[in-house]
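Participant: Take a look at the letters that make up each chain.
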Amino acid sequence: MLILQLLASGIQTGVLYGLTAAGFALIFGATRVFHVAHGATFVLAGYAFVLGAQAGLPWPVSCLLALVVAIGFGLFMDAFVYRPIQRHEGAFFTVFVAAFGASLVVQNLIQFCVGRGSVSVSTPLTRASEILPGLYVAPVFWIAIGVAVALFALVTMFLDRTDAGVALRGLSENPELLRAFGLSSRRLSALAFGIGSAMTVPGAILTAATSGIEPAAGAHVVLISLAAAVVGGIGSLRGAALAGLLLGITENLIIAVLDTQWSEAAGFLVLFAFILFRPSGLFGQAVRR
Amino acid sequence: MTAYLLNLATLATIFGILAASLNVLIGYAGIFSVAHAVFFGVGAYAGAQVALNLVPDVLLASLAGGLLSGLLSLCLALPALRVRGEYFVAASLGLQMLAVTVFSEAHSLTGGHGGLVGIPPASLLGIDVSSPWRFLAVCVGALTLSLVSIAILMRGGFGRGLMAIRDSESAAEALGKNVPALKTIAVAIGCSLAGVAGTLFAFQLAFINVESFTLEQSVLLMAMVIIGGAGTLLGPLVGTLLLLLLPAVLSFIPFIPATEIGTVQQLVYGLAMTLLMIFRPAGLAAPSTGRR
Amino acid sequence: MMKRRTFLASGAATLAAWRAFAQTQSHIVGTLFPMSGSNAEFGTLYTNAVQLALDHITADRMLKSPIELRSQDSQATPQGGAVGMTRLATVDKASYVLLGFTGVSKAAAPIGGRNKVVMINGGGVGPDLATLSPYFVNIIPLANKEVTAILPWLAKEGLKRVALIYVDDPLGQSINQEFAAGLPKQGGTLVGAFSVPPTQQQFGAIAARVRDVKPDAVYFATPIGTQLSQMAKQLRDNGITQQFVTYSVGNLPSIVAQPESEGMIFTGQAADWTSNEPKIKRFVEGWRTKYKAEPVTYALNYYNGLMLFAMLAQGLERAGTPVTGETLLAELMRVRTFQLAGGEVTFDEHASASSAIQISRVHGGRSEKIG
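Residue numbers (my numbering), protein chains in the order written: chain A, 1 to 289; chain B, 1 to 292; chain C, 1 to 371.
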């Protein structure tokens, strides 16, 4: 039963990892920006939701608020940080440092304005009940899965079926070609940042409800997203989502055999092994060297 | 006051060595490692163990620290040979996270979270060098030695080979450069120097634990190199001075309330990183019309 | 390059000199708390406590010369501790520094010892802190003493099977050892000890492991308040209904206020907020009016930490002895026993305090004393 229980909590963690990682992968694939401030987006969305809920807003409004804040921050980073750097042909590491600096600013602004402890929303949805002997599952488990699957389907449909979506996928392969067809790569990159950032919202809200969220929580989110994006094959949305799910499950299942403090390291061992032995990731094409 | 400035100067020198050593990887070989704190830590633990169990000799401890870090740098060289760019960043990230867990769990070697306490005062070939002035002199000596050797190496055929790889790996290969060997050696040199810096750090603090060798430290080091100017000799030093001394200078501003001082420091610090990257993407030390 | 450094140095020197001139003849007391990062909640709390004590000392005119507070951010890291301590000892010339956190303490202790600065620890409770330096004073009972206090209570309540979730640092290890040795003596068992890294935030999987060993009580040993509140919430959410027990970290306001903490037991120094003893009453009422919140024992420790300074310095001023770290320590070791808020505190030969430990329970968002 222990295994089943660990699997369940692994899936719950994993779907949210997957969704956030897919957002990261979408942004990276379309714009080649290593968006380290993705974690800051996550934290901002979580705080927006909690503050909204504490102010007495009904929960759909709080969710909307979180969505607006996340997208707003993503677009802001794109327009005022990444684009100016890319105009100078900055190396991708320059982007990395700038984004890291921005994450620090967000973290400390939240500390300054809201406070330093963790904040959370209390809801009966996170209370687990026994559905099988020894297997405890909370309603939030089903919500996480439902929301993640629905949103993921929506985004893939958008990318497959609409012109803008197809163009977005094309952007990573050949930006010159798109420009020749009269599509604005600036608008497309804004679109990628908007959608990608929006994909952090469910994870942020559910984290605020299950474990609480703190100003420094973004670092972990970025690490997981980055790892999942690489294991899944950089730029592959499906790969990132699946890898995120796998990372969540590994992190939890490993506890059945190893001491608990190794659970996070296990995920990164998987990452390291993947890069050494299968650098193209789960679904990626051959690595460009 | 003097002691405080000496302490800061010594720390700045140690971080100068670290940034310069990371610059060998990032600036000259194009290997973007975010695991440099791992080798800093390996050197610190190895040096501290030598000092605690054998002799507190800086030279011997630094050799041990540098050697062990150099050997373990193979863990970094291996992915560096196989992948580039973002993939390598992710690999080094994985290594960094693993190393933090190992540092916290290998109690007999690292003391776990409790760390290694009571590292004895340093001596050099039988002479006591533990006083702040003398230890600063030792560190400045180490920094000078590192910078000179890096300058000489990078001017020679080895450096040209490395930079050829950085700019285009396939072109370098076509020119008959031994890419794997060059890369492995560059990683080994950079990591050994980081190990030496780690040993000096252990002597300076007399106490080390895993909290000094985390991902944040790695990112800070990387920021020092990039902000100062990757691929330039003095850039990493400029970056080190700026990032290490900025919080110290900020703490002299009298009107920030005591409870907010840390937050304000971090805020300014993050803002400086972002703004510098927007307006000086090639780094402070680079000529304003940078190559990159 | 050199120019830049000398410029910075001389700038800093002028500033410091100007400050020293402006404030001659005051007692300099330093604080070295984490003011940024994930432990900043503690730093704020401690600083508030010190400021409240300063208000009271000034109001009572206890000292002839005023106390001047200097704050440094330790970031809860050894390096931050070493830099901050050097700064306080050699630039600000503090004779007395209040600090916390094990890593910070260990890095700061040799520096403080060398510069003859009395260091007061009121937050770190690792047992290895007792013998760091003669100048290192523990005003908080170390954690192993807290386990000794909770064992009889567990036996009395019939909670025989205990599961422990701990962060693998000297604090967690000592609690683990105390339980492994102490529980069997009273017929109990430590049914599981699960160590977690200090950065862990997800405890769903640990909850499954804990449920698997069927404990009567779960003991949390983490030095990080945020982590404790996440543990309590996620274990409750995952259907762990057993008794929660922890040490003095359970006394943080954010934890006491959290609904999932209802019923949680924690040990800590005897600090009865409802007591009529005038000193504690003044502290509690002062805290409530100044910060509009309930006080916690950690805050009391640092309040007492500065009060202790005032008492020591008062004694020295009366005797006409200059107030330095050296004389303060000598005075402390001469008097040994002090009437601080919350009761009498006695320091042993390592300058570690012992005071009575009480057991409290979280009830309705407040803590109440139960033994």
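These are calculated hints, taken from the structure and not from any lab test. Some hints here could point you the wrong way.
[Unchecked claim] So, partial list: chain C residues that the calculated Cβ filter (under 8 Å) puts toward chain A:
1. E41
2. Q200
3. Q202
4. A205
5. I206
6. G364
Here the structure is a predicted model, which is why all the values come from computation and not from measurement. Beta carbons: idealized from backbone N, C-alpha and C, even for Gly.
Participant: Does the nearest C-beta of chain A fall within a distance shorter than 8 Å of the C-beta of C/E41?
Facilitator: Where the cut-off is 8 Å and the nearest Cβ of chain A is about 4 Å from C/E41, the hint holds.
Participant: Quick check on C/A205 please, does its C-beta sit within 8 Å of some C-beta on chain A?
Facilitator: holds (4 Å)
Participant: Does the closest beta carbon of chain A sit nearer than 8 Å to the beta carbon of C/I206?
Facilitator: holds (6 Å)
Participant: With 8 Å as the cut and Cβ atoms as the points, is C/Q202 at the interface with chain A?
Facilitator: holds (6 Å)
Participant: Taking the closest Cβ pair, is C/G364 under 8 Å from chain A?
Facilitator: At 15 Å from the nearest chain A Cβ, C/G364 fails the 8 Å test, so the hint is violated.
Participant: Min Cβ distance, C/Q200 to chain A: is it shorter than 8 Å?
Facilitator: With a closest approach of 7 Å, the C/Q200 hint holds.
When held up to the earlier numbered hints, the structure conflicts with hint 6 and nothing else.
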